[in-house]
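Asker: The chain contents come next:
2 protein chains.
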Amino acid sequence: MKKDLTSKVCKKNILAVRDSLEVLNGKWKLPIIITLQDGPFGFNELEKSIDGITPKLLSKSLKDLEMNGFVKREVIKGSPIQVHYSLTNYSGSLDQIIDALRDWGLQHRKHIIEQ
Amino acid sequence: MKKDLTSKVCKKNILAVRDSLEVLNGKWKLPIIITLQDGPFGFNELEKSIDGITPKLLSKSLKDLEMNGFVKREVIKGSPIQVHYSLTNYSGSLDQIIDALRDWGLQHRKHIIEQ
Numbered sequence: 001m002k003k004d005l006t007s008k009v010c011k012k013n014i015l016a017v018r019d020s021l022e023v024l025n026g027k028w029k030l031p032i033i034i035t036l037q038d039g040p041f042g043f044n045e046l047e048k049s050i051d052g053i054t055p056k057l058l059s060k061s062l063k064d065l066e067m068n069g070f071v072k073r074e075v076i077k078g079s080p081i082q083v084h085y086s087l088t089n090y091s092g093s094l095d096q097i098i099d100a101l102r103d104w105g106l107q108h109r110k111h112i113i114e115q
Numbered sequence: 001m002k003k004d005l006t007s008k009v010c011k012k013n014i015l016a017v018r019d020s021l022e023v024l025n026g027k028w029k030l031p032i033i034i035t036l037q038d039g040p041f042g043f044n045e046l047e048k049s050i051d052g053i054t055p056k057l058l059s060k061s062l063k064d065l066e067m068n069g070f071v072k073r074e075v076i077k078g079s080p081i082q083v084h085y086s087l088t089n090y091s092g093s094l095d096q097i098i099d100a101l102r103d104w105g106l107q108h109r110k111h112i113i114e115q
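In order, the protein sequence lines correspond to chains A and B. So for the first sequence, full-length UniProt numbering puts the first residue at 1; every next one is plus one. So for the second sequence, full-length UniProt numbering puts the first residue at 1; every next one is plus one.
It is possible that part of the hints are untrue.
The list cannot tell twin chains apart, which means a pair is met if one copy fits it or any two copies do.
[To be verified] The calculated PhoX-like cross-link candidates involving lysine-lysine, where the alpha carbons are at most 25 angstroms apart (straight line), are: (1) 63 - 27; (2) 110 - 56; (3) 48 - 60; (4) 11 - 110; (5) 60 - 27; (6) 77 - 8; (7) 8 - 48.
Note that these hints are calculated values from the structure, not bench results.
Based on the sequences and whatever the hints tell you, model everything.
Answerer: Written out as structure tokens, the structure reads:
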């Protein structure tokens, strides 16, 4: 075991933060969740709404978000068949993170402009 | 401009969150900042304290953190010369994000275990 100098609390905090970063990694998952707060949306609607995302990245991110229990995929019978994506209740657990990232992003932009 | 369906508020939120994700991207920056809350530390001490990080990743992350104004690098005169890394006041602006990620990581681990 590497001898290290950081406290047990610090270790526990780092482990928990790394868990979060692993689930939310990449630049598209949180933007998709924020967009779906106005949902539900179909795949094409989502793709149009998120600047810079490609169908491949959107598809991969949606699969991860479904697997982690944040997004529901529903097939709507009819002709043609439609597929809708919407948020699960569990995605609400991310609100504190999204608010913190939004608030920090807004103040960081001001901080950079004022420098 | 792509016709899209999401509200202006949603667009502003996404932009701010993406700003934050861009600055804090990768799995090492926040763990380094949390570790340095117990600092200051030298490079080797930091490397020993963060499980799984390599000298190359630590060096790159420290440079990014310095550039973004979160970390200070100080050369301590003496024989041999020492280099210390410590947090700037501005890094305190990340506390809300770190707390939110830590709290969510802790509850997510419980959520997964209970499933």
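Asker: Could you run down the list of hints and mark each one as holding or not?
Answerer: Evaluation of the provided hints:
Within a single copy, residue 63 and residue 27 get their C-alpha atoms as close as 15 angstroms, and across copies as close as 21 angstroms, so both meet the 25 angstroms cut-off. Taking identical chains as interchangeable, the C-alpha atoms of residue 110 and residue 56 are never at most 25 angstroms apart, the minima being 34 angstroms within one chain and 32 angstroms between chains. Taking identical chains as interchangeable, the C-alpha atoms of residue 48 and residue 60 lie at most 25 angstroms apart only when both belong to the same chain, with a minimum of 16 angstroms there against 35 angstroms between chains. Taking the shortest Cα distances, residue 11 and residue 110 sit within 25 angstroms of each other only across copies (18 angstroms), while inside one copy they are farther apart (32 angstroms).
For the homomeric pair residue 60 and residue 27, the shortest alpha-carbon distances inside one copy (12 angstroms) and between copies (20 angstroms) are both at most 25 angstroms. Proximity of residue 77 to residue 8 under the C-alpha cut-off of 25 angstroms is found in neither arrangement, the shortest distances being 53 angstroms within a copy and 31 angstroms between copies. Within a single copy, residue 8 and residue 48 get their C-alpha atoms only as close as 46 angstroms, which misses the 25 angstroms cut-off; across copies the closest is 14 angstroms, which meets it.
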